[in-house]
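Chains as they are written, first to last, in my numbering: chain A, 153 to 576; chain B, 153 to 576.
There could be a bad hint or two in this list.
Identical copies carry no separate label here, and so any pair may be met within one copy or between two of them.
[What the hints assert, rightly or not] In silico SDA-like pairs for lysine to any residue, Cα to Cα no more than 25 Å straight-line:
no. : residue 1 : residue 2
1   : LYS434    : SER424
2   : LYS434    : GLY181
3   : LYS267    : ASP225
4   : LYS173    : GLN290
5   : LYS434    : ALA401
6   : LYS434    : ASP539
7   : LYS317    : GLY500
8   : LYS317    : THR191
9   : LYS434    : GLN290
10  : LYS267    : ALA410
Calculated from the structure, these hints are not laboratory results.
2 protein chains.
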Amino acid sequence: MPETPSLARIDAELLNQLMEKVSEFGSTGDGGVDRPVLTDAHKAARDWFRAELTARGYSVLVDAIGNLFGRIDLAGPDAPLVMIGSHLDSQPKGGRFDGAYGVMAALAAVESFRKGTEAPRCNYVIADWMNEEGARFQPSLLGSSVFAGLVDLDWALARRDRDGKSVGEELVRTGYKGTDAAPTPDLYLEIHIEGDSKMETAGARIAPFLRHWGALKVRIEVTGEQNHTGPTPMEDRKDAVLGAAHIIAEVRRLADVAEDTLFTSVARVDISPNSPNIVPGKAILFCELRAPEQAMLDWSEASLRAALPDLAARARTTAEIVSVDRRPAGKFDPRLAMLTERVADDFGLPKMQLDTIGGHDAVAVNAILPALVIAVPSVGGVIHRNDEYTSPEDLAAGGDVLTDMVRRIDRAGGDLDLALGANA
Amino acid sequence: MPETPSLARIDAELLNQLMEKVSEFGSTGDGGVDRPVLTDAHKAARDWFRAELTARGYSVLVDAIGNLFGRIDLAGPDAPLVMIGSHLDSQPKGGRFDGAYGVMAALAAVESFRKGTEAPRCNYVIADWMNEEGARFQPSLLGSSVFAGLVDLDWALARRDRDGKSVGEELVRTGYKGTDAAPTPDLYLEIHIEGDSKMETAGARIAPFLRHWGALKVRIEVTGEQNHTGPTPMEDRKDAVLGAAHIIAEVRRLADVAEDTLFTSVARVDISPNSPNIVPGKAILFCELRAPEQAMLDWSEASLRAALPDLAARARTTAEIVSVDRRPAGKFDPRLAMLTERVADDFGLPKMQLDTIGGHDAVAVNAILPALVIAVPSVGGVIHRNDEYTSPEDLAAGGDVLTDMVRRIDRAGGDLDLALGANA
Numbered sequence: 153m154p155e156t157p158s159l160a161r162i163d164a165e166l167l168n169q170l171m172e173k174v175s176e177f178g179s180t181g182d183g184g185v186d187r188p189v190l191t192d193a194h195k196a197a198r199d200w201f202r203a204e205l206t207a208r209g210y211s212v213l214v215d216a217i218g219n220l221f222g223r224i225d226l227a228g229p230d231a232p233l234v235m236i237g238s239h240l241d242s243q244p245k246g247g248r249f250d251g252a253y254g255v256m257a258a259l260a261a262v263e264s265f266r267k268g269t270e271a272p273r274c275n276y277v278i279a280d281w282m283n284e285e286g287a288r289f290q291p292s293l294l295g296s297s298v299f300a301g302l303v304d305l306d307w308a309l310a311r312r313d314r315d316g317k318s319v320g321e322e323l324v325r326t327g328y329k330g331t332d333a334a335p336t337p338d339l340y341l342e343i344h345i346e347g348d349s350k351m352e353t354a355g356a357r358i359a360p361f362l363r364h365w366g367a368l369k370v371r372i373e374v375t376g377e378q379n380h381t382g383p384t385p386m387e388d389r390k391d392a393v394l395g396a397a398h399i400i401a402e403v404r405r406l407a408d409v410a411e412d413t414l415f416t417s418v419a420r421v422d423i424s425p426n427s428p429n430i431v432p433g434k435a436i437l438f439c440e441l442r443a444p445e446q447a448m449l450d451w452s453e454a455s456l457r458a459a460l461p462d463l464a465a466r467a468r469t470t471a472e473i474v475s476v477d478r479r480p481a482g483k484f485d486p487r488l489a490m491l492t493e494r495v496a497d498d499f500g501l502p503k504m505q506l507d508t509i510g511g512h513d514a515v516a517v518n519a520i521l522p523a524l525v526i527a528v529p530s531v532g533g534v535i536h537r538n539d540e541y542t543s544p545e546d547l548a549a550g551g552d553v554l555t556d557m558v559r560r561i562d563r564a565g566g567d568l569d570l571a572l573g574a575n576a
Numbered sequence: 153m154p155e156t157p158s159l160a161r162i163d164a165e166l167l168n169q170l171m172e173k174v175s176e177f178g179s180t181g182d183g184g185v186d187r188p189v190l191t192d193a194h195k196a197a198r199d200w201f202r203a204e205l206t207a208r209g210y211s212v213l214v215d216a217i218g219n220l221f222g223r224i225d226l227a228g229p230d231a232p233l234v235m236i237g238s239h240l241d242s243q244p245k246g247g248r249f250d251g252a253y254g255v256m257a258a259l260a261a262v263e264s265f266r267k268g269t270e271a272p273r274c275n276y277v278i279a280d281w282m283n284e285e286g287a288r289f290q291p292s293l294l295g296s297s298v299f300a301g302l303v304d305l306d307w308a309l310a311r312r313d314r315d316g317k318s319v320g321e322e323l324v325r326t327g328y329k330g331t332d333a334a335p336t337p338d339l340y341l342e343i344h345i346e347g348d349s350k351m352e353t354a355g356a357r358i359a360p361f362l363r364h365w366g367a368l369k370v371r372i373e374v375t376g377e378q379n380h381t382g383p384t385p386m387e388d389r390k391d392a393v394l395g396a397a398h399i400i401a402e403v404r405r406l407a408d409v410a411e412d413t414l415f416t417s418v419a420r421v422d423i424s425p426n427s428p429n430i431v432p433g434k435a436i437l438f439c440e441l442r443a444p445e446q447a448m449l450d451w452s453e454a455s456l457r458a459a460l461p462d463l464a465a466r467a468r469t470t471a472e473i474v475s476v477d478r479r480p481a482g483k484f485d486p487r488l489a490m491l492t493e494r495v496a497d498d499f500g501l502p503k504m505q506l507d508t509i510g511g512h513d514a515v516a517v518n519a520i521l522p523a524l525v526i527a528v529p530s531v532g533g534v535i536h537r538n539d540e541y542t543s544p545e546d547l548a549a550g551g552d553v554l555t556d557m558v559r560r561i562d563r564a565g566g567d568l569d570l571a572l573g574a575n576a
């Protein structure tokens, strides 16, 4: 399909340069990055990005939960405000595309668009959300959830990592305990690698996420009794790890029963004292239940609650659900999704429609604004791992779609209905 | 039963003072101590004990694996050498009696004996073995195993904790990388709290351990694939923690099948990356199989090896046994055990015979010397926990038995057959 001449494209060289630079921070030397939130590596990446924003004429804002914003007013103080972003934190030993691509593409898209435009009609803000990943501090999407009013600021600041350090303390330490008011945008766009292989399998290069799955993050505490693994008679043992093992197997069984309508995991287990010759007295399980439908989430939670006492008792332990973080299932803005597909068609890029099962900052922001995540493929569906990979061509194709969406939204003065109608 | 006037008794006040003092190092404030080997707390305890030995006229020796010895020659250079000891390291958040009692009682017994004796016929050495517990560095009994020639020195020095620090490095850091030759004693005695409630149940106050159970310490590595817990389809997940859960349940099942002839545990699991929203790529299980008979150890190891592939495959993972530390089952010196019982009778202390399932330094030393562990009761059988407790009366009763055993062995010039015959 021939390219429409009026389409705006991203400066692919700028995008590449930004991606290469940001990948240096926390680089593990094997293609991955180890840049958990508010670590020195994360601070270094943010410091660099902040300088990059300033050098390009953006005003830098940091709010009370440490979200970093770069705002550029191209159309006067009363113009609509378009926010584009993602996050610079990574999983421990994670990949270099997850999050960073969305932030780099946001900056490159706005830079590319403004250079080719004489009379912009919108203002723009690039967002780097604090703690999207939730690896070091739970829950994930913390900065965007405070932004969207879903989570209380003081509660968020008081979250602690496994060493007892709080978000608030680490924000101060890294220099990101800000005092600026967050911007109040009119819509939010985020571009991200897929994290599954559906696009690769289908040969698609662009996909809007139509729905976001709901999730229950359930923390289960198993309590046994600390004792010597030698002399303590087997029948007297109250082994918290054994109790945990029965629960882990059951959590998986729930997903097997529900087939493709429920995803489950127990991916972190904190064992105390975790010494080879002490019967463990305590195990804390970080369990996730994810489903596209609330009814399935309810069923899985009820099933787990019903099963826990017997599972724990098989190891003479007790199990208690100590917290549940609930992320409801929902839909992204359908106009933004439609616009994505139309632009993809105009670029001749194969497209498909997807749901997102993983969380994204756009899920939180979507609670208060029209929002969307646009996906590009990830080779083999790999995510959260050093060998996560998306080719420069796919990064640029996604960047092109984002940039032309910016152009159409800008031309429509931020009116999405108009944007859908305004462009041939 | 009336007390035999000639029995030697421990200075109970000295023993109490020593126990109170040593319990300060690494005190957790709730009765327990947190004094893992070669930590600052452990170094402080050793530094104090070393000064205490020196002040009392003992020569201090530290060998190449960091065993600390206090030697006092009471009977000339060619006299038999009696070694008594235990260890000052504790489990993380462990109790204050395990190990420390044996070292304090050793010093108090020799001090009490020598003050009441005009012409000692033996020399004495108090031993504080390096890394009995094996909580920070595996395997346990490391210093005594090097002493007994069961483990290579260089290999022992190269063991690393979970932060990557080696035994050798931490010996240097704490000032216990010695250059002295270890003493060459003729026999070895150790007194220890029981770690089970058999004595309490039976009303016994003294028990020699006749046998030591064998143990296999098996390290199992489960390998899956690191991925996002959100989008990764359930059927594609290779979840190392789920594989671990199936193995943990099976390890317990082996003990249930074998009833009281096999004790098993998986007490430590190192999970990577242990992040709530990453399917874990790796889990290392620290598994123990303990039995009084070698045939049972062989059966349990063979059963586990046979079961591993299927258990791991249920989670689409693989499992590999990466190391096995083998501690053979065996018997302590029966003459020392008989002497213990005879002395207990003379003190009118109710006695019984036990096996030890947990490891003790005497198990390693027993490979090359006549050796014995004497047990005193522990309330509720608690061990490796802050509320581990033995009353001052029971500590003193054990100390009395130890001291009078020293007297009888000394009077017999270190000849155990003679010691058994020589005293009415």
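Hints, verified against the model:
In this assembly of identical chains, the alpha carbons of LYS434 and SER424 lie at most 25 Å apart whether taken from the same copy (5 Å) or from different copies (19 Å). For a Cα distance limit of 25 Å, the shortest separation of LYS434 from GLY181 across copies, 20 Å, qualifies, whereas the shortest one inside one copy, 36 Å, does not. When the C-alpha separation of LYS267 and ASP225 is checked against a cutoff of 25 Å, the pair qualifies only within one copy, where the shortest distance is 14 Å, while the shortest distance between copies is 91 Å. Taking the shortest Cα distances, LYS173 and GLN290 never come within 25 Å of each other, neither inside one copy (28 Å) nor across copies (42 Å).
Taking CA atoms no more than 25 Å apart as the test, LYS434 paired with ALA401 passes in both settings, with 18 Å inside one copy and 17 Å between copies. In this assembly of identical chains, the alpha carbons of LYS434 and ASP539 lie at most 25 Å apart only when taken from different copies (16 Å versus 34 Å within one copy). When the C-alpha separation of LYS317 and GLY500 is checked against a cutoff of 25 Å, the pair qualifies neither within a copy, at 49 Å, nor between copies, at 56 Å. Taking the shortest alpha-carbon separations for LYS317 and THR191, both the intra-copy value of 11 Å and the inter-copy value of 22 Å come in at or below 25 Å.
Proximity of LYS434 to GLN290 under the C-alpha cut-off of 25 Å is found in both arrangements, the shortest distances being 20 Å within a copy and 22 Å between copies. Within a single copy, LYS267 and ALA410 get their C-alpha atoms no closer than 51 Å, and across copies no closer than 77 Å, so neither meets the 25 Å cut-off.
The earlier numbered hints that this structure contradicts are 4, 7, 10.
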